[in-house]
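Student: Taken in sequence, the protein lines are chains A and B. Residue numbers for the first sequence follow our numbering, so the first one is 1 and each next one is one higher. Residue numbers for the second sequence follow our numbering, so the first one is 1001 and each next one is one higher.
The hints are simulated quantities; they were obtained by calculation from the structure and are not laboratory data. Please read these numbers as outputs of a predicted model, since none were measured by experiment. Do not rely on the hints blindly, as some may be mistaken.
Claimed, not checked - Here are the simulated SDA-like cross-link-like pairs (lysine to any residue), alpha carbons at most 25 Å apart as the crow flies: (1) B/LYS1052 to A/MET56; (2) B/LYS1042 to B/PHE1023; (3) A/LYS29 to A/ILE64; (4) B/LYS1042 to B/LEU1071; (5) A/LYS16 to B/GLN1064; (6) B/LYS1083 to B/GLY1041; (7) A/LYS16 to B/GLU1067; (8) B/LYS1182 to A/HIS139; (9) B/LYS1052 to B/ARG1098; (10) B/LYS1052 to A/PRO96; (11) A/LYS122 to A/LEU157; (12) B/LYS1052 to A/PRO138; (13) B/LYS1182 to A/ASP89; (14) B/LYS1052 to A/ASP89; (15) A/LYS119 to A/ASP101; (16) A/LYS16 to B/TRP1228; (17) A/LYS29 to A/THR73; (18) B/LYS1182 to B/SER1108; (19) B/LYS1182 to A/ASN181; (20) B/LYS1052 to A/SER93; (21) B/LYS1042 to B/GLY1025; (22) A/LYS16 to B/LEU1085; (23) A/LYS29 to A/ARG51; (24) B/LYS1182 to A/GLN140; (25) B/LYS1182 to A/LEU129; (26) B/LYS1052 to A/HIS98; (27) B/LYS1182 to A/ALA132; (28) B/LYS1052 to A/ARG18; (29) B/LYS1182 to A/LEU141; (30) B/LYS1182 to A/ARG136; (31) B/LYS1182 to A/LEU182.
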Amino acid sequence: MSLIEIENLTVTFRAKGREVRAVEGVSLKVEGRESYGLVGESGSGKSTILRAICGMAPVTGGQIRIDGQPLPTPRGRAFSRQVQMVFQDPYASLHPRHTIDRALSEPLAIHGFGGSDAKVVKALTDVGLPAAFRFRYPHQLSGGQRQRVAIARALMLEPSILLLDEPTSALDASVQAEVLNLLNRLRADRGLTFLMVSHDLAVIDHMCDRILVMQHGRAVEELAHEDLAGAQMTTAYARSLFDASADRMLDPAGGGA
Amino acid sequence: MTGRAVLRLIRPPGRIEADALTFDGQDLTRASERDMQALRGKRIGMVMQDPKYSLNPVMTVGRQLTEGLRLRDGLGRADAAAKALAALDAVQIRDPGRVMEAYPHELSGGMGQRVMIAMMLIPEPDLLIADEPTSALDVTVQAEVLSILDRLVRDRGMGLIFISHDLRLVARFCDRVLVMYKGRVVEELAAGNLLAAAHPYTRGLLNCLPRIGGPRGPLPGLDRTGAWAE
Ligand SMILES: Nc1ncnc2c1ncn2[C@@H]1O[C@H](COP(=O)(O)OP(=O)(O)OP(=O)(O)O)[C@@H](O)[C@H]1O
Ligand SMILES: [Mg+2]
Chain A
1 MSLIEIENLT VTFRAKGREV RAVEGVSLKV EGRESYGLVG ESGSGKSTIL RAICGMAPVT
61 GGQIRIDGQP LPTPRGRAFS RQVQMVFQDP YASLHPRHTI DRALSEPLAI HGFGGSDAKV
121 VKALTDVGLP AAFRFRYPHQ LSGGQRQRVA IARALMLEPS ILLLDEPTSA LDASVQAEVL
181 NLLNRLRADR GLTFLMVSHD LAVIDHMCDR ILVMQHGRAV EELAHEDLAG AQMTTAYARS
241 LFDASADRML DPAGGGA
Chain B
1001 MTGRAVLRLI RPPGRIEADA LTFDGQDLTR ASERDMQALR GKRIGMVMQD PKYSLNPVMT
1061 VGRQLTEGLR LRDGLGRADA AAKALAALDA VQIRDPGRVM EAYPHELSGG MGQRVMIAMM
1121 LIPEPDLLIA DEPTSALDVT VQAEVLSILD RLVRDRGMGL IFISHDLRLV ARFCDRVLVM
1181 YKGRVVEELA AGNLLAAAHP YTRGLLNCLP RIGGPRGPLP GLDRTGAWAE
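Next up, chain B with everything else stripped away, as it sits in the complex:
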């Protein structure tokens, strides 16, 4: 929700209220719908967790990837296709030629997720809001995709808001973390310190995780009776 709110994608009866919500000096609570249109996709990209909701089921992957390049950036067919192929290659798609011609339902979960990431990265946004962008990827492909995101952050100065349930992934990949519970921030800390978090909610979550070589009895549950859960 917080990710969507930044893009002002909350539908009534939902409302956005903020003391401050600025992007690159621009007050997003006051920006016109037109200004927002200009930001969405081009300067602020968003990757959703589930490709089913963001990819058009009746359009080939190639068309979805090249549409923006042709309409927005005025590239010719061949240039747009070359750029799209390169983007699929960058997210470690094995057979980019085949995937360009495929429809979303012909892809595995992780392939669809990588197509979405490629689609968001093509316009080279300044800020990427990524909601569980790697939850369907195997760990080695995940590592590749994360290193692409990391390069964009380091080399191009892209900002990244990474939304994830995966505490261990966040701990090693992000710089700073906000831990949220029921719409509220319960804790803010340096990501490197996440596994040593002190807040009972964060500790409770860490406690619930299985681990390789760990005991196989029932996993501890989260105790929601603390004062923090009010």
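Pulled out of the complex, with its shape left as it was, chain A reads as follows:
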């Protein structure tokens, strides 16, 4: 049994009499402690899959199971202790007028856990931020620091699964490296499982053990990590993504061009 099992998932939005099939019959399995990547066409349903897991998208077919259990609707508290999501734009998950302290202690309060002071300080230091950042507001932090806070918040309830939607695409190269290193360290230390979306195949290659390529709501091809660098894809679409990423193969530090 895999930790995350998605079987034949279909998501259909209805707006003004129109139907939009954002996800159509997608199946995937993610093992515990695995890091699984979703890549593909813009608008192909990657974010929608993450939202469907969280109960935030209109699922019209298929099944999602975590640890063998179908998920209840609404998702409820047990789910938030198991699965958390991190977005590209940490502003989306951090309230602009709440201090970092409040952002981090809130999940604990909601779930009735005490001792939040010490936990907040530890959460900040775990993501490499000074404890004094508790008293700041999101706008007083840099983009990379905000993303660290968003990660710290996601980890407050000690979930086993992190859903990451383009977590570093708004960050510059050096800050991206720091956040990726942080995510990898946390995954190793805590045995986390990642389901991660990115458009940058170099980031995906660096972070993920397996990859699902998506186009137009459908799963096109699943690749093992070695198959990406080894260009072992079999579908034309996956190949076109790879070809368009030729510049991501170069070793920029080697000065090659």
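Starting from the known structure of chain A, fit chain B with the ligands onto it as the hints suggest.
Tutor: Frame of chain A; chain B with the ligands shown alone:
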């Protein structure tokens, strides 16, 4: 910030100071607010990274795209709609009819980004300031959008200021690059030479990049202790 300053969109207490800031011979530090209004959007367009801040959340995409065409250019409803549809098509939107009727929150990140680009390109500006315009796009759509921008630069002589974190993208797409750190230009070079840059900051950034088939250990960090970081 530099992009906004060109359009004089800096709010107090921020101030713009420049020895020279000219657009097509016009001194932008002295231009009246009215002159600036005439430049913004029409002759100088700006695309922001995040559609959430530039698209109106309570207006359909179609209305946002056609509003300018109808008010500024006096086009009729049908002509404006046809032009807007063509613009969405040009940025590789799969289902332009549906997207015209959609509200911004009904679009994916990359779709919203393409809508903004379409909106900026409709008035055919002479200068486009694009802040991370393709950061949410998959690489094949990104290539299409870049080739649209490239055609505008080549065929129509549009100027393009492309602001990006993506060093490899800048290296293959732009002509010249200014590398900035903390508000200052640390290096100017031909984009083709970017990957061979000598400046320690630029080299440091290049060093931090993961690559396909690269080692999976921790990525090198940026050493900010050099004299350049003062
Ligand atoms: N609330 C909504 N109402 C209607 N349609 C929606 C809604 N949210 C998403 N969609 C549609 O679902 C499809 C998939 O969107 P999704 O955000 O999952 O794409 P994505 O793969 O994450 O794309 P990107 O790489 O651009 O972020 C798109 O066609 C989008 O317009
Ligand atoms: Mg998305």
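Student: So, for every hint listed, does it hold in this structure?
Tutor: The hints, checked one at a time:
| no. | hint | verdict |
| --- | --- | --- |
| 1 | B/LYS1052 to A/MET56 | holds, 19 Å |
| 2 | B/LYS1042 to B/PHE1023 | holds, 13 Å |
| 3 | A/LYS29 to A/ILE64 | holds, 10 Å |
| 4 | B/LYS1042 to B/LEU1071 | holds, 12 Å |
| 5 | A/LYS16 to B/GLN1064 | holds, 18 Å |
| 6 | B/LYS1083 to B/GLY1041 | holds, 17 Å |
| 7 | A/LYS16 to B/GLU1067 | holds, 21 Å |
| 8 | B/LYS1182 to A/HIS139 | holds, 17 Å |
| 9 | B/LYS1052 to B/ARG1098 | holds, 19 Å |
| 10 | B/LYS1052 to A/PRO96 | holds, 15 Å |
| 11 | A/LYS122 to A/LEU157 | holds, 13 Å |
| 12 | B/LYS1052 to A/PRO138 | holds, 18 Å |
| 13 | B/LYS1182 to A/ASP89 | holds, 22 Å |
| 14 | B/LYS1052 to A/ASP89 | holds, 10 Å |
| 15 | A/LYS119 to A/ASP101 | holds, 10 Å |
| 16 | A/LYS16 to B/TRP1228 | violated, 56 Å |
| 17 | A/LYS29 to A/THR73 | holds, 21 Å |
| 18 | B/LYS1182 to B/SER1108 | violated, 32 Å |
| 19 | B/LYS1182 to A/ASN181 | holds, 23 Å |
| 20 | B/LYS1052 to A/SER93 | holds, 14 Å |
| 21 | B/LYS1042 to B/GLY1025 | holds, 17 Å |
| 22 | A/LYS16 to B/LEU1085 | holds, 19 Å |
| 23 | A/LYS29 to A/ARG51 | holds, 16 Å |
| 24 | B/LYS1182 to A/GLN140 | holds, 16 Å |
| 25 | B/LYS1182 to A/LEU129 | holds, 21 Å |
| 26 | B/LYS1052 to A/HIS98 | holds, 21 Å |
| 27 | B/LYS1182 to A/ALA132 | holds, 23 Å |
| 28 | B/LYS1052 to A/ARG18 | holds, 23 Å |
| 29 | B/LYS1182 to A/LEU141 | holds, 15 Å |
| 30 | B/LYS1182 to A/ARG136 | holds, 21 Å |
| 31 | B/LYS1182 to A/LEU182 | holds, 24 Å |
Violated hints, in rising order: 16, 18; the structure is consistent with all others.
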